[in-house]
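Residue numbers (full-length UniProt numbering): 1 to 112.
Just so you know, these hints were derived from the structure itself, not from any lab. Backbone N, C-alpha and C define an ideal beta-carbon position, used for all residues, glycine too. Please note that the accuracy of each hint is not assured.
Unchecked claim - Only pairs whose alpha carbons sit at most 30 Å apart, straight line, appear in this in silico DSS-like list of lysine-lysine: (1) 60 - 2; (2) 66 - 34; (3) 17 - 3; (4) 72 - 3; (5) 12 - 90; (6) 18 - 72; (7) 34 - 17; (8) 34 - 105; (9) 18 - 110; (10) 34 - 12; (11) 34 - 110; (12) 72 - 34; (13) 2 - 90; (14) 90 - 66; (15) 2 - 66; (16) 12 - 105.
What the hints assert, rightly or not - The following label-pair restraints were derived from C-beta to C-beta distances: (17) 51 - 23: 36 to 42 Å; (18) 92 - 11: 17 to 23 Å; (19) 84 - 54: 36 to 42 Å; (20) 99 - 75: 33 to 39 Å; (21) 18 - 98: 28 to 34 Å; (22) 78 - 49: 35 to 41 Å.
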Amino acid sequence: MKKVEAIIRPEKLEIVKKALSDAGYVGMTVSEVKGRGVQGGIVERYRGREYIVDLLQKVKIELVVKEEDVDKVIDIICENARTGNPGDGKIFVVPVERVVRVRTKEEGEKAL
Numbered sequence: 001m002k003k004v005e006a007i008i009r010p011e012k013l014e015i016v017k018k019a020l021s022d023a024g025y026v027g028m029t030v031s032e033v034k035g036r037g038v039q040g041g042i043v044e045r046y047r048g049r050e051y052i053v054d055l056l057q058k059v060k061i062e063l064v065v066k067e068e069d070v071d072k073v074i075d076i077i078c079e080n081a082r083t084g085n086p087g088d089g090k091i092f093v094v095p096v097e098r099v100v101r102v103r104t105k106e107e108g109e110k111a112l
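Turn these sequences into a full structure, and let the hints steer you where they fit.
Now the structure itself:
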């Protein structure tokens, strides 16, 4: 099993969530996060003054999926979160050693 963590633009959350759900990936955790990539943030102007916003609002989606589903999940996220501009996000894939469902104590893929 693998954990897929995707950092995306907040305005793309509903589109990505629906696409994942339509493909059968309904279990996910969503968090509001702040961060920046290699561009280091953006410069905004307000009343003639410039402000550097170096931590931008993002959304993190976390899913644990079977290893054979990782590429499909990545494709769904990329297709639905992409704008073509800097700041579209990143996807991280990390191994998951163990999953336990709290209610039933089922383990492994049965617990997903």
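Evaluated hints:
About 16 Å separates the Cα atoms of residue 60 and residue 2, which keeps this hinted pair within 30 Å; it holds. With a CA separation close to 28 Å, the supplied pair residue 66 and residue 34 stays within the 30 Å bound. For the hint linking residue 17 to residue 3, the alpha-carbon distance of about 16 Å falls within 30 Å, and the restraint holds. With a CA separation close to 13 Å, the supplied pair residue 72 and residue 3 stays within the 30 Å bound.
Of the supplied pair hints, the one linking residue 12 and residue 90 holds, its CA atoms being roughly 13 Å apart against a limit of 30 Å. Between residue 18 and residue 72 the alpha-carbon distance is near 15 Å, which keeps this suggested pair within the 30 Å criterion. In summary, the hint linking residue 34 to residue 17 is supported, as the alpha carbons are separated by about 19 Å, within the 30 Å threshold. For the hint pairing residue 34 with residue 105, the CA-to-CA distance comes to about 34 Å; that exceeds 30 Å, so the pair is violated.
Proximity of residue 18 to residue 110 is assessed by CA-CA distance (about 23 Å); at most 30 Å being required, the pair is judged to hold. Distance check on the hinted pair: residue 34 and residue 12 sit about 15 Å apart at the alpha-carbon level, within 30 Å; holds. For the given pair, residue 34 sits about 33 Å from residue 110 by alpha-carbon distance, which is inconsistent with the 30 Å threshold. With a CA separation close to 26 Å, the supplied pair residue 72 and residue 34 stays within the 30 Å bound.
This hinted pair checks out: residue 2 and residue 90 have alpha carbons roughly 16 Å apart, not beyond 30 Å. Between residue 90 and residue 66 the alpha-carbon distance is near 20 Å, which keeps this suggested pair within the 30 Å criterion. This hinted pair checks out: residue 2 and residue 66 have alpha carbons roughly 6 Å apart, not beyond 30 Å. Taking the CA atoms of residue 12 and residue 105, the gap is near 34 Å; set against the 30 Å cutoff, the hint is violated.
Checking the proposed 36 to 42 Å range against residue 51 and residue 23 shows it holds: the Cβ atoms sit about 40 Å from each other. Remark: the range hint 17 to 23 Å for residue 92 to residue 11 is upheld by a beta-carbon distance near 21 Å. The given range of 36 to 42 Å is broken by residue 84 and residue 54, whose C-beta atoms sit roughly 23 Å from each other. Range check, residue 99 to residue 75: Cβ separation about 23 Å, and the 33 to 39 Å hint is violated.
The beta-carbon spacing between residue 18 and residue 98, approximately 30 Å, falls within the hinted interval of 28 to 34 Å. Look at residue 78 against residue 49: about 37 Å separates their beta carbons, and that is inside 35 to 41 Å.
Checked against the numbered hints listed earlier, the structure breaks hints 8, 11, 16, 19, 20; every other hint is satisfied.
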